[in-house]
Structures are given as C-alpha cells and as structure tokens.
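Given next are the chains, with one letter for each unit.
2 protein chains.
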Amino acid sequence: MSILVVGSVAFDSIETPHGRVDHVLGGAATFFSLAASYFTDVRVIGVVGEDFTDENEAVLTRRGVDTRGLEHVEGKSFHWTGSYLKNLNEAQTLKTELNVFETFAPKIPAEYADSDYLFLANIDPVLQAGVRRQMPKVKMVCGDTMNYWIHDHRENLNKVLIGLDALLINDGEAKMLAGEDNLMRAANKILSTGPKTLIIKHGEYGATAFFSEHSFGSQNGSGKPGYTSVPFRAPALPLDAVVDPTGAGDSFAGGFFGYLASQPEVTPAVFKRAMFYGGVMGSFAVEKFGTERLQQLSREEIDQRFARIREISHLD
Amino acid sequence: MSILVVGSVAFDSIETPHGRVDHVLGGAATFFSLAASYFTDVRVIGVVGEDFTDENEAVLTRRGVDTRGLEHVEGKSFHWTGSYLKNLNEAQTLKTELNVFETFAPKIPAEYADSDYLFLANIDPVLQAGVRRQMPKVKMVCGDTMNYWIHDHRENLNKVLIGLDALLINDGEAKMLAGEDNLMRAANKILSTGPKTLIIKHGEYGATAFFSEHSFGSQNGSGKPGYTSVPFRAPALPLDAVVDPTGAGDSFAGGFFGYLASQPEVTPAVFKRAMFYGGVMGSFAVEKFGTERLQQLSREEIDQRFARIREISHLD
Numbered sequence: 001m002s003i004l005v006v007g008s009v010a011f012d013s014i015e016t017p018h019g020r021v022d023h024v025l026g027g028a029a030t031f032f033s034l035a036a037s038y039f040t041d042v043r044v045i046g047v048v049g050e051d052f053t054d055e056n057e058a059v060l061t062r063r064g065v066d067t068r069g070l071e072h073v074e075g076k077s078f079h080w081t082g083s084y085l086k087n088l089n090e091a092q093t094l095k096t097e098l099n100v101f102e103t104f105a106p107k108i109p110a111e112y113a114d115s116d117y118l119f120l121a122n123i124d125p126v127l128q129a130g131v132r133r134q135m136p137k138v139k140m141v142c143g144d145t146m147n148y149w150i151h152d153h154r155e156n157l158n159k160v161l162i163g164l165d166a167l168l169i170n171d172g173e174a175k176m177l178a179g180e181d182n183l184m185r186a187a188n189k190i191l192s193t194g195p196k197t198l199i200i201k202h203g204e205y206g207a208t209a210f211f212s213e214h215s216f217g218s219q220n221g222s223g224k225p226g227y228t229s230v231p232f233r234a235p236a237l238p239l240d241a242v243v244d245p246t247g248a249g250d251s252f253a254g255g256f257f258g259y260l261a262s263q264p265e266v267t268p269a270v271f272k273r274a275m276f277y278g279g280v281m282g283s284f285a286v287e288k289f290g291t292e293r294l295q296q297l298s299r300e301e302i303d304q305r306f307a308r309i310r311e312i313s314h315l316d
Numbered sequence: 001m002s003i004l005v006v007g008s009v010a011f012d013s014i015e016t017p018h019g020r021v022d023h024v025l026g027g028a029a030t031f032f033s034l035a036a037s038y039f040t041d042v043r044v045i046g047v048v049g050e051d052f053t054d055e056n057e058a059v060l061t062r063r064g065v066d067t068r069g070l071e072h073v074e075g076k077s078f079h080w081t082g083s084y085l086k087n088l089n090e091a092q093t094l095k096t097e098l099n100v101f102e103t104f105a106p107k108i109p110a111e112y113a114d115s116d117y118l119f120l121a122n123i124d125p126v127l128q129a130g131v132r133r134q135m136p137k138v139k140m141v142c143g144d145t146m147n148y149w150i151h152d153h154r155e156n157l158n159k160v161l162i163g164l165d166a167l168l169i170n171d172g173e174a175k176m177l178a179g180e181d182n183l184m185r186a187a188n189k190i191l192s193t194g195p196k197t198l199i200i201k202h203g204e205y206g207a208t209a210f211f212s213e214h215s216f217g218s219q220n221g222s223g224k225p226g227y228t229s230v231p232f233r234a235p236a237l238p239l240d241a242v243v244d245p246t247g248a249g250d251s252f253a254g255g256f257f258g259y260l261a262s263q264p265e266v267t268p269a270v271f272k273r274a275m276f277y278g279g280v281m282g283s284f285a286v287e288k289f290g291t292e293r294l295q296q297l298s299r300e301e302i303d304q305r306f307a308r309i310r311e312i313s314h315l316d
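Residue numbers (full-length UniProt numbering), protein chains in the order written: chain R, 1 to 316; chain U, 1 to 316.
It should be emphasised that the hints constitute simulated quantities derived from the structure, not laboratory data. Be aware that one or more of the hints could be misleading.
You can't tell identical chains apart in this list, so a pair holds if it fits in one copy or across any two.
Cut-off 30 Å, straight-line C-alpha distance, at most; resulting in silico cross-link-like pairs (DSSO-like, lysine-lysine) [what the hints assert, rightly or not]:
1) 86 / 189
2) 107 / 159
3) 139 / 95
4) 175 / 86
5) 159 / 137
6) 95 / 288
7) 189 / 288
8) 159 / 272
Using the sequences and the accompanying hints, generate a full structural model.
And the structure:
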C-alpha cells in the first residue's frame, strides 16, 4: 500500500547541547517519508528551491521514496533555524525563512492518484483541505498541525480535522485545541468535534491514542467490532543521548502510519503495534542530527528496537 | 511481611481548580501507609500535635495501620498550605508550618523491631540515617527525598542513598541529584553512587525504574539471575479529573512497596507488577482531596485498575 505525504521539505540549522549543524536536510515531509519508507511505499509532495541538490533528493530516492511530486522552483528552500540549548524538549525558533514555501500550492501528479493513504503534515489547513479534496478515495487520512494554525486559523483547521481518521499532535497543542488542561478531557472534546482517533505525543514519555466509536470499522461500513473507550499508551525508549529532537514527531508519524499502511487491515491490535513503531522511529530520529539516523536503518534494527520497547513496558 | 514507614503525618490546606480544603489529613507517611495497607501490614513512625484527633488516627487504624509509633506531643501538627491553581503538575507551597515536626526525633517502639521492610519518607536525611541504623536487619529499604535535601544537605543525603535498595524521586529531583539533564544518564549516575535501584516518577506519564547489577539477588547473596540493564516503564492511568495531586508520589510508593512486601521474593517480574500497583494507588489518590479516596478502597477495585493499566499499555 502507498502513502502520499504532503508537507515541508526544508533545510534546518540547529544547535543543541551536542553541537550545531547548518543547512541540513529536514522538514516534516522528509522525516515522515524516511521513517515510513521502512514499511511501505511513500510518495511525497512538496516544494524546494534551487539550493536543493541532487544529493538532497537522493536521500529520499535511495529509500525508495517517490519524489515526482517534489516541485523545484526558483528561489531558496524553506529554512528553519532553531535552538534546543535552553530546553531539549521544546525547540526555540530563532528564524523562519519560508522562501519558496510561502507560495506553496500542492500539485498532485497523475501518478499519485491511486495512493491508498494520505498524510497531511503540518502546513496551512487550507492547503491540507485542498489536497484532501483531490484524494477522495484514500482509505485513511492522518494529519498533524501546530499552535499557529490552532490559534489563528481555527475555522480552516476545523474543516480539516473533521475529515481526519487520526490527528497527531503534542500535549500543548491538544490542550490549546480543546481549551482544556486535562489531557483526557481535552482528548474527548477533540474527538467529539473532529478526528475519529487522536494521538497525543508526550515527547520523551511516549504517546497516547484516544479512540472514538468511529476509530475502527467505520471506513468500509462493515461495523466490525473494534470500538474501545480505553486509550492506549506507548512508551518512548529512554535514551542516554538525545542529540537533536528535530523531526521526532514527524518520524513518529511516519513509523506509525507506515506500519498501518503495511498491514491488510487496521484493527486495534495493528493500531497498537503502529504506536510502538512510531516510538521506534522517533527514538532513532533523535540519535543523530537531522535525518542522518533515518537514512540507513535496517528492518532488523527497527524490529529489535520494537522488541526493546515492548520489554521495557510489558509485565511478561 | 510488615513495612515500617517513618515520615510526616500532617494537615494540608489545598486549593486546586476543583476546589479547596482546609486542614485535611495528609503527610507523606499517611498517604504511604494508607496505600500500602491494602497489601501488607504497615507500622508508622511520626509525630503529631494536640490538634490531631482520635478520628484522624482512626483513619489509619481502620485500615489496620499500627500507630503505636505515632508520638503525640504538645503543640500543633505539621501544616502545609499549597496551591495547584497555576499548575496541576507542580505544587506551589504557600506556607510551611513545621510546628511539632521541627523537633521530630523518630523513636522506634520495641514492637516495631521485627519489621521486615523499611520506608524512609521525605524527611531530614540525618533522621533517615538514624532510623536506618536502628533497623539493621530489614530485608529491603526504600526511600524518598526532595530538592531541599539534595541542594542543601547533600553530604548527609549521600550517606542515606548508599544504603537504599530503591530510591523513589521525580524527574526534577533526579536531574538535580545527578547534575545531568538527560534522565537515562542521570539515572546511571545516581545508580553508580547510591541506591541499587532508582525509580523516577513522571507524574501523569507514569514512572520508570532503572536497575543496577545489584538490583536483584544481592540481598541474600544468592546471586540469582535477575540483573537487567533494561529499564521498566509503567504508565499512569489517564484520568479525566485530577482533583488533588497531593500525595500521589507517596501513594505510588505505598502501592509499590506494599505489593513488594506482600510477595515471597522480589524478582524482576514482581518488581514490575509493583510498579503497576504504584501507578494504581497514585491514580486513586488524586481522584479526591486529601486521603479520602485511599480510605475505603477494595482489593477488587485495585486489581480492576491494575488490569486497566495493563490494558492501556500492553500489545496483547
């Protein structure tokens, strides 16, 4: 099964307690694509400038990612400059240079029309909605967003949320979206107005999925018994060095959705395993700067880490 | 098996977004005793003033807690006033009136001499060390501490830590104690200089146990194979109403240590289950103000919640 992802492909300049890097390949769609590429076929839609080299693109194509939807235009690529010196758990944005991303208008190549799954990474909800409309037949749509869209573009965002099978956001975003400080109540409020399933990411503590009665079995109207009101919490792997947290959430999304897309059916058991694979890919992403660690993993390493996360969290 | 706990028995005045209470029964030893009482025999050592009523004491004795070590002296009981209005995850102390607690000198009644386990709740490490010395034959000693002792009484604290089978502290305390921001490295540093096992409590995200080669099997020199370098992470239960977080950590400790003490042997499997029972008792504690929720639970309710925490975190 194939996943179509739309989002940012960018350069990041990052400083963390472990060092600094300048203009390394980054962007939500990049991290997502690389992480998902270990599980399923991935097709990316984004825009880059003239500074985006063949070698940059090869990072994606070497992992089998289809980059025919990566538009090359005049100008410079999106460039984010951030620091984790004060707090490894929260990026401090020093500079955002949107460049070619400012006028990004996603175009879906004809070859992508038969994509089975759709991931709407964190971009303007108007663009997310536009892509969604052009892909009416996908089996499942997941998406991300951020504080800026929640705070200043709520109406547009709401139109996207209502069509999502799963929304993936972090604690702060969930609380802001619901206007509610308790995570469980925030989750129920969000589920009552939008996505069928909500995944809240807790950074180094893992992630929790909150389900609604529409979480399973409604996509094909078969009404198969899958409803559960019990959330599912997947731990993150305690790491002795978080070199660069950039892209951890997007890598979680890639591991999560990539695994889901690789399975014949999305059952509660498959969903739970997907949460673990999300944690696995997030844990790899932060071990080196940028996308370096995600570029050359083996499925064996991935499954070893899956087993380790199981080991640290299971009674038997 | 019996646990001896030494620590504060106090009155708390608390405000949270759910309301406020004045002079309700509290204190680390109180929460610990009530939580542990559902698993094993508990004996408490503490000091209270003339404002401590028979009804206050009956809260403990109704749960079978042995209060012969609860010293009654002239003056007022320890009184803590705190607020969670700004942040439910971190108490803001408004007033600390030590009163009779200021000159607390723990005395161990003869009837307590045969206690099997010892819990040193958060008090002056000099007092913790004194109690420890008087109980040389206990099978296992666990303890707690707080920022103040870590920061200003480090040498005294170090003498306590080195004799602990398990230290239970929260994220901030662990980072401060190790002088290290990464939890895994902080844990390894703490384990290299002090306790055999370290449990770091993450509040609403659960708790992680970090083990050393001395964690299992060393207490009786049998060298049984129990060593694991793999941490164990137990989730907290997502709750839709945290009414009053006071005592959550002490209740975790009570559930954890109470369950351990109820088992014939402390194996890795038993330890993991104990972490879950810690989470169970912590989750009950915060559902009502003060100790109210811990006063009349049933073992059935406790085991139901254990099963629920298992359900939200296990793949199958």
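Verification of the hints:
1. In this homomeric assembly, residue 86 and residue 189 come within 30 Å of each other (Cα to Cα) only across copies, at 22 Å, whereas the closest approach inside a single copy is 33 Å.
2. Taking CA atoms no more than 30 Å apart as the test, residue 107 paired with residue 159 passes inside one copy only; the shortest distance there is 20 Å, against 66 Å between copies.
3. Within a single copy, residue 139 and residue 95 get their C-alpha atoms no closer than 37 Å, and across copies no closer than 57 Å, so neither meets the 30 Å cut-off.
4. Taking identical chains as interchangeable, the C-alpha atoms of residue 175 and residue 86 lie at most 30 Å apart whether they share a chain (23 Å) or sit on different chains (15 Å).
5. In this assembly of identical chains, the alpha carbons of residue 159 and residue 137 lie at most 30 Å apart only when taken from the same copy (18 Å versus 66 Å across copies).
6. For the identical chains of this complex, residue 95 and residue 288 are intra-copy neighbours only, at 22 Å inside a copy versus 46 Å across copies, given an alpha-carbon limit of 30 Å.
7. In this assembly of identical chains, residue 189 and residue 288 lie within 30 Å of each other by CA distance solely across copies; the values are 23 Å between and 37 Å within a copy.
8. Taking CA atoms no more than 30 Å apart as the test, residue 159 paired with residue 272 passes inside one copy only; the shortest distance there is 27 Å, against 44 Å between copies.
This entry does not satisfy hint 3, going by the numbered hints stated previously; all others are met.
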